[in-house]
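**Q** Chains as they are written, first to last, in my numbering: chain X, 1 to 308; chain V, 1 to 227.
Honestly, I wouldn't trust all of these hints.
Only pairs whose alpha carbons sit at most 25 Å apart, straight line, appear in this in silico SDA-like list of lysine to any residue [said to hold, decoys possible]:
no.: 1; chain 1: X; residue 1: Lys78; chain 2: V; residue 2: Lys226
no.: 2; chain 1: V; residue 1: Lys188; chain 2: X; residue 2: Leu242
no.: 3; chain 1: V; residue 1: Lys163; chain 2: X; residue 2: Gln80
no.: 4; chain 1: X; residue 1: Lys78; chain 2: V; residue 2: Val27
no.: 5; chain 1: X; residue 1: Lys87; chain 2: V; residue 2: Lys226
no.: 6; chain 1: X; residue 1: Lys3; chain 2: V; residue 2: Asp140
no.: 7; chain 1: V; residue 1: Lys163; chain 2: X; residue 2: Leu242
no.: 8; chain 1: V; residue 1: Lys226; chain 2: X; residue 2: Val71
no.: 9; chain 1: V; residue 1: Lys163; chain 2: X; residue 2: Val62
no.: 10; chain 1: V; residue 1: Lys188; chain 2: X; residue 2: Ala234
no.: 11; chain 1: X; residue 1: Lys78; chain 2: V; residue 2: Leu26
no.: 12; chain 1: X; residue 1: Lys78; chain 2: V; residue 2: Gly45
no.: 13; chain 1: V; residue 1: Lys98; chain 2: X; residue 2: Ala234
no.: 14; chain 1: X; residue 1: Lys236; chain 2: X; residue 2: His214
no.: 15; chain 1: V; residue 1: Lys30; chain 2: X; residue 2: Pro60
no.: 16; chain 1: V; residue 1: Lys31; chain 2: X; residue 2: Val71
no.: 17; chain 1: V; residue 1: Lys226; chain 2: X; residue 2: Asn17
no.: 18; chain 1: X; residue 1: Lys78; chain 2: V; residue 2: Pro109
no.: 19; chain 1: V; residue 1: Lys188; chain 2: X; residue 2: Leu238
no.: 20; chain 1: X; residue 1: Lys87; chain 2: V; residue 2: Thr85
no.: 21; chain 1: X; residue 1: Lys236; chain 2: V; residue 2: Lys31
Label-pair restraints from in silico Cβ distances [unchecked claim]:
no.: 22; chain 1: X; residue 1: Ala186; chain 2: V; residue 2: Glu213; range: 48 to 58 Å
no.: 23; chain 1: X; residue 1: Val104; chain 2: V; residue 2: Glu120; range: 29 to 39 Å
no.: 24; chain 1: X; residue 1: Val21; chain 2: V; residue 2: Gly97; range: 42 to 52 Å
no.: 25; chain 1: X; residue 1: Leu242; chain 2: V; residue 2: Tyr33; range: 24 to 34 Å
no.: 26; chain 1: V; residue 1: His203; chain 2: X; residue 2: Asn96; range: 23 to 33 Å
no.: 27; chain 1: V; residue 1: Asp44; chain 2: X; residue 2: His241; range: 51 to 61 Å
no.: 28; chain 1: V; residue 1: Glu213; chain 2: X; residue 2: Lys256; range: 50 to 60 Å
no.: 29; chain 1: X; residue 1: Asn262; chain 2: V; residue 2: Ala194; range: 26 to 36 Å
no.: 30; chain 1: X; residue 1: Lys256; chain 2: V; residue 2: Gly97; range: 32 to 42 Å
no.: 31; chain 1: X; residue 1: Glu235; chain 2: V; residue 2: Lys188; range: 19 to 29 Å
no.: 32; chain 1: V; residue 1: Asp44; chain 2: X; residue 2: Asn97; range: 45 to 55 Å
no.: 33; chain 1: X; residue 1: Lys3; chain 2: V; residue 2: Ser170; range: 15 to 25 Å
no.: 34; chain 1: X; residue 1: Asn97; chain 2: V; residue 2: Ser170; range: 49 to 59 Å
If you're looking for bench data, these hints aren't it; they were derived computationally from the structure. Glycine included, each C-beta is placed from N, C-alpha and C at the ideal position.
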Amino acid sequence: MAKDAFSTLLGQFRLNNNVIVDQQRYAPILDVLSPDKKKEAEVDFLQKHKMKDYTYTIFPCVPSLFSAYAVVNISLTKHQIQTSVAKDNFISNAMNNISDIDQVLQILVKRLREWYALTLPELEHRITDNEKLVDLLIHFSRAQLMEQFSCQETMGAALEKDDIQPILALAQQIHTLYVLKKKHTAYLSSLLQDYAPNTVVLLGVELTAELIEHAGSLQHLAFLPSSTIQLLGAEKALFQHLTQHTRCPKHGLLVKHPLLANAKEKDRGKIARHLANAASQCIRVDYFHGKTNCGAALLTKLTTIHRR
Amino acid sequence: MVIQSSFPGVYQFQAGRKTLLLTRNLVPGKKVYGEKLFKDKSRDGIAEYREWIPTRSKLAAGMLKGIRGFSLQPGTAVLYLGAATGTTVSHISDIVGKQGIIFAVDFAPRVVRELVFLAEQRQNIAPILGNCLHPEEYFDRFCQCNFLFQDIAQREQVAIFLKHLPFLASGSLALLSVKARSIDVAQKPRVIFARVFEELKKHVTVLDWKTLEPFEGDHALFICRKL
Numbered sequence: 001m002a003k004d005a006f007s008t009l010l011g012q013f014r015l016n017n018n019v020i021v022d023q024q025r026y027a028p029i030l031d032v033l034s035p036d037k038k039k040e041a042e043v044d045f046l047q048k049h050k051m052k053d054y055t056y057t058i059f060p061c062v063p064s065l066f067s068a069y070a071v072v073n074i075s076l077t078k079h080q081i082q083t084s085v086a087k088d089n090f091i092s093n094a095m096n097n098i099s100d101i102d103q104v105l106q107i108l109v110k111r112l113r114e115w116y117a118l119t120l121p122e123l124e125h126r127i128t129d130n131e132k133l134v135d136l137l138i139h140f141s142r143a144q145l146m147e148q149f150s151c152q153e154t155m156g157a158a159l160e161k162d163d164i165q166p167i168l169a170l171a172q173q174i175h176t177l178y179v180l181k182k183k184h185t186a187y188l189s190s191l192l193q194d195y196a197p198n199t200v201v202l203l204g205v206e207l208t209a210e211l212i213e214h215a216g217s218l219q220h221l222a223f224l225p226s227s228t229i230q231l232l233g234a235e236k237a238l239f240q241h242l243t244q245h246t247r248c249p250k251h252g253l254l255v256k257h258p259l260l261a262n263a264k265e266k267d268r269g270k271i272a273r274h275l276a277n278a279a280s281q282c283i284r285v286d287y288f289h290g291k292t293n294c295g296a297a298l299l300t301k302l303t304t305i306h307r308r
Numbered sequence: 001m002v003i004q005s006s007f008p009g010v011y012q013f014q015a016g017r018k019t020l021l022l023t024r025n026l027v028p029g030k031k032v033y034g035e036k037l038f039k040d041k042s043r044d045g046i047a048e049y050r051e052w053i054p055t056r057s058k059l060a061a062g063m064l065k066g067i068r069g070f071s072l073q074p075g076t077a078v079l080y081l082g083a084a085t086g087t088t089v090s091h092i093s094d095i096v097g098k099q100g101i102i103f104a105v106d107f108a109p110r111v112v113r114e115l116v117f118l119a120e121q122r123q124n125i126a127p128i129l130g131n132c133l134h135p136e137e138y139f140d141r142f143c144q145c146n147f148l149f150q151d152i153a154q155r156e157q158v159a160i161f162l163k164h165l166p167f168l169a170s171g172s173l174a175l176l177s178v179k180a181r182s183i184d185v186a187q188k189p190r191v192i193f194a195r196v197f198e199e200l201k202k203h204v205t206v207l208d209w210k211t212l213e214p215f216e217g218d219h220a221l222f223i224c225r226k227l
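Just chain V, same shape as in the assembly:
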């Protein structure tokens, strides 16, 4: 039986000892990355849900690790940096629904090509081929957003995150997935996460952060609120 999870717009299913996270499929019948589909009776007939796999999505991993403060409402304008082929984007697309929009930015034409196909199917995704180090090159392609999600494996990932804060409304949630090895391959991840925390504190309110093992090694997810 599919039940509401502690996060709005996200559902869960007990498969034996494992808890599976799900989102309600915006395009019933269609899979995005080979995830399992679940059907369940809901208020408006039979609802279809898509499995949100934590080893494929840092946001799902963070939620299963018990991160606090994540809340995404339908109708939100989301800025997503590092969208790749759209795995996590598709779940955020499910949550924000037809009234919301996701501005999905990535640098590589090969993966943005897949993002365009996903955007045509769902109609609440705006794919942007751009370099996140230079938001001045593409900021006229989106409007002010209420939610930021960043998952970019680069040394300057924190600087990129801070560069995009001005595009958010005051009080917006901003999530940063940090890959420690991209910042410094030789340093201990805990030390790197502590440094990231110190830097973020100066610009935003850090609500919570969690490391993502066993789903991802040497990764952490930070949830912040723009002041």
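Next comes chain X alone, as it looks inside the complex:
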């Protein structure tokens, strides 16, 4: 149209055949996010030009404004990204870090065992608990350990102080990792107790965290049908079933739940379905901040029915 007024991300414009006749830009840029300031600017501009209303079609292509569009969109997107950081991100990172620490611990403890066995190999077989082994190595000397475990003699060599120190330093580092893991587990637990209390009662902290991470967010989980929640994590089997007509999977991530883990083969499908339905209920109550304590009630109901 010949003479049009537009209200855009950049501000208000008056155009005459796609040429800017007048403009009113937002300063600062992010004023466009404030509904009051935006409305004020829009009303002022219309009054100034004695026009009834804006044209609500797409703003015409005006090359002189391209760099302004880039700059303002960058600012606005940065603001959006800042406000998008949420509990789901913390849950995902904490949960993944705990499993990362587990992997690292496996590697380091293996090395520690191998290395310390040079001086006291008898300990290798006496202590299977890794955390206990690390604890012992930090607090007791070789002589004390030999006494504790009734080793009169040992195949191990007596090491110099300079050679024993690096092993103990490794043991110390592993110990700090165990402490960190405990801290993160406690953090994850308190996060989820606050974020999804009913789901945590029904499924436990670990499984709840896995479900949220798999779906992306609690919001996405809340809008999924319970049949999808039943099969989250079994995508490979599900798509095989759909394309190659193999048997349909019964459960995905939910298989780790005690009710399913201890179930008889013939009951697994039914229990998986019931568990998914219950989980779906709890997730929706949690997402919409419901005041019912359905988690405990549902868990009791399921346990009663399925542990006959």
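Given the coordinates of chain X, assemble chain V onto it according to the supplied hints.
**A** Just chain V, lined up with the frame of chain X:
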């Protein structure tokens, strides 16, 4: 030796039997996704080119498959749906140059974060964090465009494409990368592409379409012109 390809703004290089597609680097010295850089003598001194890898970019795959009708001029306003971290966006940014602009939309904050860094470096990209199913939520963030590129793996990808056509000037090129498995995981891709073609025909002129193997499995690129 780097020579002009049949597509404007795109160059090519013969590495033995393989033809490599290249674009002229808008920010010389900087790589975007680990692609190779090539230097060659041009009219204005030494020019730097970035390799356009077809297994990373559907548009490059389409060009190497011989798709017809693709033409992108410097100074164009491009609407890009499904920009992700900016792999293909960076090449389109090279082609449209400092006078052009790309409105790059994506839904995930994690990848748009990378897009913001790319936009700050190149200055012809406007990153938009938005849901393409609801363009009414963000259409005030861009102006009318002359070129549309969409690469979104969703069941409603054709509907999203059609929803964004009103934002293009008449006669604009609109490219749609279709992932058959996102539309229907069990159906034959050829059947899905035929259905997409029938649907697109009602709204635009389909200039050409090609499947993208061996670069992408079960994908096709459609080039359309808005009436």
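**Q** Should the hint that X:Ala186 and V:Glu213 are 48 to 58 Å apart at their CB atoms be regarded as holding?
**A** For V:Glu213 against X:Ala186, whose Cβ atoms are near 50 Å apart, the range 48 to 58 Å holds.
**Q** I want to verify a distance hint. Is the separation of the beta carbons of V:His203 and X:Asn96 within 23 to 33 Å?
**A** Violated: the Cβ-Cβ distance is about 44 Å, outside 23 to 33 Å.
**Q** In this structure, is the beta-carbon distance linking X:Leu242 and V:Tyr33 contained in 24 to 34 Å?
**A** The hinted range 24 to 34 Å holds for X:Leu242 and V:Tyr33, with Cβ atoms some 33 Å apart.
**Q** Hinted pair, alpha-carbon criterion (25 Å max): V:Lys163, X:Leu242. Please report holds or violated.
**A** Violated, at roughly 30 Å.
**Q** Verify the proposed pairing of X:Lys78 with V:Leu26, using a straight-line Cα cut of 25 Å.
**A** holds, 23 Å
**Q** Range first: 50 to 60 Å. Now tell me if the beta carbons of V:Glu213 and X:Lys256 are that far apart.
**A** Check failed, 38 Å falls outside 50 to 60 Å.
**Q** Given the proposed pairing of X:Lys3 with V:Asp140, does the C-alpha separation stay at or below 25 Å?
**A** holds, 19 Å
**Q** Would the pair X:Lys87 and V:Thr85 pass a check requiring their Cα atoms to be no farther apart than 25 Å?
**A** holds, 23 Å
**Q** Within a Cα-Cα threshold of 25 Å, do V:Lys226 and X:Asn17 meet the stated pairing?
**A** holds, 22 Å
**Q** Given the proposed pairing of V:Lys98 with X:Ala234, does the C-alpha separation stay at or below 25 Å?
**A** Roughly 47 Å separates the two Cα atoms, so the pair is violated.
**Q** Falls inside 32 to 42 Å, the C-beta gap from X:Lys256 to V:Gly97?
**A** violated, 54 Å
**Q** Holds or violated: V:Lys31 with X:Val71, Cα cutoff 25 Å?
**A** holds, 22 Å
Comparing the model with each earlier hint shows violations of hints 1, 5, 7, 8, 12, 13, 15, 21, 24, 26, 28, 29, 30; every other hint is respected.
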